[in-house]
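Chemist: Take a look at the letters that make up each chain.
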Amino acid sequence: MSLLITGATLPDGTSTDLLIDHGVITERGSGLSQKGAAVVDAAGLRALPGLVDLHTHLREPGFEQSETVLSGSRAAAAGGFTAVHAMANTSPVADTAGVVEQVASLGEQYGYVTVRPVGAVSMGLAGERLSEIGAMAQSRAAVRVFSDDGTCVSDPLLMRRALEYVKTFGGVIAQHAQEPRLTEGAQLNEGALSSELGLAGWPAVAEEAIIARDVLLAQHVGARLHVCHVSTAGSVEVIRWAKARGIQVTAEVTPHHLLLDEQLAVGYDARFKVNPPLRREEDVLALRAALADGVIDIVATDHAPHPAEAKECAWQEAAFGMVGLESAVSVVQAAVVESGQLDWADLARVLSSKPAEIGRLSGYDAPFSVGAPAHLTLIDPTARRTFGVEHLHGKSANSPYLGRELPGRIVATVHGGVPTVLDGELRPHGEVAARVAH
Amino acid sequence: MTQLRHLLSVRDLDREAALGILDLAEDMADVATRAVPKLPTLRGRTVANLFFEDSTRTRLSFEAAAKRLGADVITVSAKGSSVSKGESLKDTAQTIAAMGIDAVVLRHSASGAARVLADSGWIDASVVNAGDGTHEHPTQGLLDAYTMRKARHGDGSRGADLMGLRVTIVGDILHSRVARSNVWLLQTLGASVHLVGPQTLLPQGVDGWPVTSGTDLDAALDEEPDVVMMLRVQSERMLAAYFPNEREYARQWGLDDVRLARLAPDTMVMHPGPMNRGLEISSAAADSARSLVLDQVTNGVSIRMAVLYLMLAGAGVGA
Chain A
413 MSLLITGATL PDGTSTDLLI DHGVITERGS GLSQKGAAVV DAAGLRALPG
463 LVDLHTHLRE PGFEQSETVL SGSRAAAAGG FTAVHAMANT SPVADTAGVV
513 EQVASLGEQY GYVTVRPVGA VSMGLAGERL SEIGAMAQSR AAVRVFSDDG
563 TCVSDPLLMR RALEYVKTFG GVIAQHAQEP RLTEGAQLNE GALSSELGLA
613 GWPAVAEEAI IARDVLLAQH VGARLHVCHV STAGSVEVIR WAKARGIQVT
663 AEVTPHHLLL DEQLAVGYDA RFKVNPPLRR EEDVLALRAA LADGVIDIVA
713 TDHAPHPAEA KECAWQEAAF GMVGLESAVS VVQAAVVESG QLDWADLARV
763 LSSKPAEIGR LSGYDAPFSV GAPAHLTLID PTARRTFGVE HLHGKSANSP
813 YLGRELPGRI VATVHGGVPT VLDGELRPHG EVAARVAH
Chain B
3 MTQLRHLLSV RDLDREAALG ILDLAEDMAD VATRAVPKLP TLRGRTVANL
53 FFEDSTRTRL SFEAAAKRLG ADVITVSAKG SSVSKGESLK DTAQTIAAMG
103 IDAVVLRHSA SGAARVLADS GWIDASVVNA GDGTHEHPTQ GLLDAYTMRK
153 ARHGDGSRGA DLMGLRVTIV GDILHSRVAR SNVWLLQTLG ASVHLVGPQT
203 LLPQGVDGWP VTSGTDLDAA LDEEPDVVMM LRVQSERMLA AYFPNEREYA
253 RQWGLDDVRL ARLAPDTMVM HPGPMNRGLE ISSAAADSAR SLVLDQVTNG
303 VSIRMAVLYL MLAGAGVGA
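Chains A and B, in that order, give the protein sequences. Note that this note's numbering has the first sequence beginning at 413, numbered continuously upward. Note that this note's numbering has the second sequence beginning at 3, numbered continuously upward.
If you're looking for bench data, these hints aren't it; they were derived computationally from the structure. Every residue, glycine too, gets a C-beta built ideally from N, C-alpha and C. Errors might be hidden in some of the hints.
Claimed, not checked - Cβ-Cβ distance ranges computed for the label pairs, FRET-style:
| # | chain 1 | residue 1 | chain 2 | residue 2 | range |
| --- | --- | --- | --- | --- | --- |
| 1 | A | Gly-679 | B | Ala-242 | 26 to 32 angstroms |
| 2 | B | Asp-224 | A | Met-535 | 58 to 64 angstroms |
| 3 | A | Ala-845 | B | Ile-76 | 54 to 60 angstroms |
| 4 | A | Ala-795 | B | Ser-111 | 41 to 47 angstroms |
| 5 | B | Gln-201 | A | Ala-720 | 37 to 43 angstroms |
| 6 | A | Gly-425 | B | Arg-13 | 50 to 56 angstroms |
| 7 | A | Asp-705 | B | Glu-238 | 42 to 48 angstroms |
| 8 | A | Ala-778 | B | Ala-243 | 51 to 57 angstroms |
| 9 | B | Arg-168 | A | Gly-679 | 30 to 36 angstroms |
| 10 | A | Ala-547 | B | Gln-96 | 47 to 53 angstroms |
Take the sequences, apply the hints, and build the full model.
Modeler: Have a look at this one:
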């Protein structure tokens, strides 16, 4: 079935109709028509290429009470995403070809988004021996991103070997930069506030020291390093220095680190507990500036679902993490678009083409051009909504934005020509799966 | 006298409210001197002591306070109860609440646990923070302020604040809920506070607190403070490299006999207990005429009576 999108405003500000057939964009221009095509009126809407999340926790296999490939895929589609990279800290850990192939094929079967498994760097995330990196790379899942996210590859020798090893097939190590000894029991950004609240501090240096070490290792072996969820102004300066030296390093920032700061922890509401922690306001401002000037390459959600009981407890007993797929674009809009620091073309870069490039995901390098795969999302940038649980579509509700007014709304999402969201509503599971099967 | 809904942090108390509690505790202390030291104003009320962390002295003090006011007391301690089997704060609190209670006295190893319980809507009862992690211990702060005021003003204590009093707190400030409650409450009452300890045990950002701080105990004693409050040293801090060993700690930051001898005769020596004699405080210092350690314990009951009274009776004493 073909799909005709009329009057969409592209990231560069021009307006066009788009005709989609058999999963690709077949025509582009004004006044397009196609007999029998389903028509989406995109007048007044912003079109972005399908969003690509480089950092998602889908929790399956093993933690299906928090999220599954299906529920996380739906949450992603609702947020405008057409591809997600599923982190390896599942049970069993994604450290063998079998696990990554299973996760990828579930994603394919459901069809809401392309699910790209991230492979573990070390067996069982234990930080001791390399996982079956080669087998995962050569598997049907064709893994290119490897990460022990949740824990840091703190052993410098293991990190060096991992960087060298993935270089052979163009892979990348995505590092969760957290020096473990400096952060034992850590709960909140270390500073005046953590001292007042009596919460063990998570010092900025514990992130910055690992990034500094890793960029030097990446330089030494000539490999690609990606830094997950950069959270401090000091980290930005280390990455800026590394890029100036020509080191192959890329970096991501989460939506929440662009909008929220540590002061939200004052009431000990565990919804605001996340790793790395919310930082000072000056860190938030530095991260926004770094995203604008390109030192930070992309936005990635670190969507981390947890069941209610993991957050309904005292702060230090609560789990780290926030869900973020459904709110990502709105939060980025609030943090850096409304301030004028990024425009919609920048958003297309930091939320789609660049994360796809880092993850070696094809089909995202020439969005909206004739012949390109039809991955896109339509956004009403003028909408404002009080974010609520009704806007969440995964299994968990641990969003820090509940009750907060956010700009923008995803009106439609198209993944490989298949509408996954229309009129702001997720399309049913059966319909999407059936269309993908065609 | 305004009623208290909860007591979670001394920072929720302004000068008037803090003095109200201290003054009411004076009345409660008078009750203790009666032939039958009871004031059965809370008859029919039930107070639950919910202790997720062991603390014999605080628990006994709250129990004594509640019983002197005629309240019934339920005590749930960590050991040998469902708490030790990993039951959550929410479930334990709701279970106790379902039995019909008016106030929860909560001791918990997690900072903010009392705030979470009070804000959660899980239960309707009032919440008293009896120590939450390394955050606060408000009734300890109040009993310390009461003890200082009594030592300074004696029978003229009612209505008086601590204006001009100079208090030096020594030891593991970083992990001390007692220090935090003292810092904020003493500031509210007009005292000045100096914190002394190893640099490793002074909190990050202490510069932003309304105190002065340093690492040299002898220099601090040269300033002739009115109060020297020694904090308990936990032996596990040594293993985490906060300081090399007990001997070095005692030498640098212990109130030993030599330092004791330097103090003016009316210097108040305080310690929240339990004491490590020979480590942060010598036996001579703990047992000296300057020591108010046992007064602190006695006054703790009066303070806790006042707090429970303000929560559960809701009117001025003697009204």
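Chemist: Confirm or reject each hint.
Modeler: Consistency of the hints with the structure:
Checked against the hint of 26 to 32 angstroms, the C-beta distance between Gly-679/A and Ala-242/B comes to roughly 29 angstroms, which is consistent with it. For Asp-224/B paired with Met-535/A, a C-beta distance near 59 angstroms keeps the hint of 58 to 64 angstroms intact. Hint check: Ala-845/A to Ile-76/B, Cβ distance near 55 angstroms, so the stated range 54 to 60 angstroms holds. For the hinted restraint 41 to 47 angstroms between Ala-795/A and Ser-111/B, the CB-CB distance of approximately 45 angstroms keeps it satisfied.
Checked against the hint of 37 to 43 angstroms, the C-beta distance between Gln-201/B and Ala-720/A comes to roughly 41 angstroms, which is consistent with it. Distance hint check: the CB atoms of Gly-425/A and Arg-13/B are about 51 angstroms apart, consistent with the given range 50 to 56 angstroms. A hinted range of 42 to 48 angstroms for the beta carbons of Asp-705/A and Glu-238/B is consistent with their spacing of about 45 angstroms. At about 55 angstroms, the CB distance of Ala-778/A to Ala-243/B agrees with the hint of 51 to 57 angstroms.
Between Arg-168/B and Gly-679/A the C-beta distance comes to about 33 angstroms, which sits within the given range of 30 to 36 angstroms. Under the hint 47 to 53 angstroms, the C-beta atoms of Ala-547/A and Gln-96/B, about 49 angstroms apart, fit the expected range.
Comparing the model with each earlier hint shows no violations; every hint is respected.
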